[in-house]
Amino acid sequence: MRMVLFSGLIGWFVATAPATASADDAHAEMAAALTAQADLHPAPLTLPVVSAAPLHAAASSAVKRGIPARSASGDAARSAANAADRASRNAQGTPSQALAHQAQAAAAAAAGQAQSQRAMRRHRK
Amino acid sequence: MRILCAVLVALAVSRELRADDAATARHLLQGVRAFKAERYDEALVELRVVARAADAPADLAYYLGPTLYKLQRYDEALAVFVASRAAPDALTDFYLGQTCYQLRLFRKARSVFAELRARGLGPVLHEAAGRYIALVDATYQTPPPAGSIDYYVSEGIARTASAPAVAAEYLDEARQVESLAREPHRHLEILERLAAAWNDSGRPQRVLGLAIEPAPSLELSWQRARAFAATGDAARARALLEAIRKAQAARAAEAEALLAQLPP
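Residue numbers (my numbering), protein chains in the order written: chain A, 1 to 125; chain B, 1 to 264.
Think of the hints as simulated: they come from the structure by calculation, not from any bench. We put the CB at the ideal spot given by N, CA and C, even for glycine. It is possible that part of the hints are untrue.
[Stated by the list, open to error] A few chain B residues that face chain A, going by a derived Cβ cut-off under 8 Å, partial list only:
#, residue
1, ALA25
2, PHE106
3, LEU135
4, SER154
My request is simple: use the sequences and hints to build the entire structure.
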């Protein structure tokens, strides 16, 4: 019995010792790499918003009233929302603030276009 | 002589065990070296091999999560971090915080970084965590709009079937964002969906942690019953399930089925 225990102990020691050492090496090397490659300077953030749901809701009621579902201003508003979304994603995904500003400017331009189209529509009425 | 025999037997047995261990350890080390060299695709291949091995390390998320993060596969990275049962580790959690930030789960990212700073980090990561927190706090100086809550709810719903653990993170974000909003918005719906996602992703304890007793809806009662059943509290599960069955509304059939599975 003692012989079995003894041989089991030796087997366990021989089997686990090198693997443990190797796992420790991997862990230590990974720690150094993780620290070196961490993103220390987060990009500015903007809160994401959903704009598609209200547009869809409006579309169904507009159909009932005989109004074209996707008006020009609706498309412009949608593209403004998409541009804003892209701006937000770019702001986070790239470290370059310049790119984020460019995208945000595009969003603002699209939003402005939507607003002017709505104004023109009101004026025509 | 007998001792010599025992040693020889032990060495023969251990050789077999060592071959498997050595292969896993070699793939792990190759994965780490590839990560170090910023060859993340290669690192992922090696770490996937490790993940499939029977002797994969318990802290695999420490290697796999950051690799997926670097490949910008943020959803998968989050799923790996959330599923990990390894002891908390500062570096793993730092990458979890970064992943949440990229997925725009800003409240979650903030709480991860704040906890890390409280637990203690090296000076460089401590300052970086502070920068993440400052940006989130600046954004939430004004109450969030309803559209933001809608965003997190819709992202959570989109992932409910394919990745319930990730869906739960989005819905939990929705819950936290909603709590900061000027007025309630989809409050009950968020709780119901969140409880379902936590149950579906094997985290019933979190459902029981929600302060919803008595449950304000039948759906929440059902989710609490599921959580009680999953955590072995058959008595409380039975009480809720009986009530749902008697109400003969939605979930009555499911309540019946779950009642039948409960121990007597």
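Hints, one by one, checked against the model:
no.: 1; hint: ALA25; verdict: 4 Å, holds
no.: 2; hint: PHE106; verdict: 6 Å, holds
no.: 3; hint: LEU135; verdict: 6 Å, holds
no.: 4; hint: SER154; verdict: 6 Å, holds
Comparing the model with each numbered hint stated earlier shows that all of them hold.
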